[in-house]
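Please take these sequences and the hints and turn them into a complete structure.
2 protein chains.
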Amino acid sequence: MKIYFAGSIRGGREDADLYARIIDFLKQYGNVYTEHIGDTSLTDKGDEGLSDRQIYDRDMDWLLKSEVIVAEVTTVSMGVGYEIGRAVASGKRVICLYRPQEGKRLSAMIAGCPDLRLIPYQRPEEAESVLSEIFF
Amino acid sequence: MKIYFAGSIRGGREDADLYARIIDFLKQYGNVYTEHIGDTSLTDKGDEGLSDRQIYDRDMDWLLKSEVIVAEVTTVSMGVGYEIGRAVASGKRVICLYRPQEGKRLSAMIAGCPDLRLIPYQRPEEAESVLSEIFF
Chain Y
1 MKIYFAGSIR
11 GGREDADLYA
21 RIIDFLKQYG
31 NVYTEHIGDT
41 SLTDKGDEGL
51 SDRQIYDRDM
61 DWLLKSEVIV
71 AEVTTVSMGV
81 GYEIGRAVAS
91 GKRVICLYRP
101 QEGKRLSAMI
111 AGCPDLRLIP
121 YQRPEEAESV
131 LSEIFF
Chain C
137 MKIYFAGSIR
147 GGREDADLYA
157 RIIDFLKQYG
167 NVYTEHIGDT
177 SLTDKGDEGL
187 SDRQIYDRDM
197 DWLLKSEVIV
207 AEVTTVSMGV
217 GYEIGRAVAS
227 GKRVICLYRP
237 QEGKRLSAMI
247 AGCPDLRLIP
257 YQRPEEAESV
267 LSEIFF
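From first to last, the protein sequence lines stand for chains Y and C.
Number 136 marks the last residue of the first sequence (this note's numbering); no jumps.
Number 272 marks the last residue of the second sequence (this note's numbering); no jumps.
Rather than coming from a laboratory, the hints here were simulated on the basis of the structure.
Where is the CB? At the ideal position from N, CA and C, for every residue including glycine.
Among the hints, erroneous ones may be present.
Part of the chain C face toward chain Y, derived, beta carbon under 7 Å [said to hold, decoys possible]:
#1 146
#2 188
#3 214
#4 222
#5 225
#6 243
Structure, rendered in structure tokens:
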């Protein structure tokens with residue numbers, strides 16, 4: 001199975017360790033694209049040495065040939081929102097992992113979208129438990 | 137002409153005055169949907185009294201029946217990213233207005249996308265000048 005993982009890069013790297021953990025977990029179920037999003041040495045400057053167009057073309061290619069998109073949507077990110085929009089428009093299975101936080105609200109474009117599965121969680125183990133039921 | 141305007145709500149309302157100005161400007165060219173995004177009394181809590189699903193259904197209906205999408209992408213927003221993704225996937229004309237800022241970088245999913253027109257600007261007059269050439 002081809003899985004595309006989406007997490008924030010230029011929107012902020014606060015959750016990079018968490019992304020790495022989720023990607024590691026997902027690897028048991030298939031090939032995970034955009035694995036570098038969990039690379040903690042990657043800064044919010046993004047992929048060095050590639051033009052924006054090259055990054056876009058590579059990521060869209062990966063996204064459109066994946067069967068499932070898993071996005072961590074807690075850190076607000078324009079790119080993750082874009083990728084979810086493209087995935088939903090393509091009729092792909094989309095799973096959004098979200099850690100509800102006091103004083104913040106998830107976009108209604110994600111929270112209100114009937115064409116994706118939203119998984120609220122706090123500890124990584126909780127997200128992994130639900131993912132293991134989905135992918136088993 | 138039906139124009140959909142996209143700007144940040146839950147991602148942050150710092151640019152609400154600017155959104156209001158752009159929407160006012162766009163009105164001379166057609167009907168502008170999501171006009172309330174420029175309402176400075178609207179907080180980052182978003183539309184009170186509507187469920188996320190109701191907001192989603194209304195906004196997607198507006199987006200998909202619009203000919204042109206104009207998005208202000210300076211404030212990072214998951215919802216604006218989602219809407220741009222849906223608009224690009226639908227083959228609509230998409231215009232993104234962006235104010236480059238020191239120490240911040242626009243997502244490669246927007247900056248590298250060949251299917252939208254990115255307009256960097258600083259003063260509102262500059263954006264309006266380009267918009268007036270596009271819509272005239």
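Hint check results:
1. 146: Hint on residue 146 of chain C: holds, closest Cβ of chain Y at ~5 Å, below 7 Å.
2. 188: holds, 3 Å
3. 214: holds, 4 Å
4. 222: For residue 222 of chain C, the interface hint holds, since the closest Cβ of chain Y sits about 4 Å away, which is under 7 Å.
5. 225: holds, 3 Å
6. 243: It holds, given that the least Cβ distance between residue 243 of chain C and chain Y is near 4 Å, below 7 Å.
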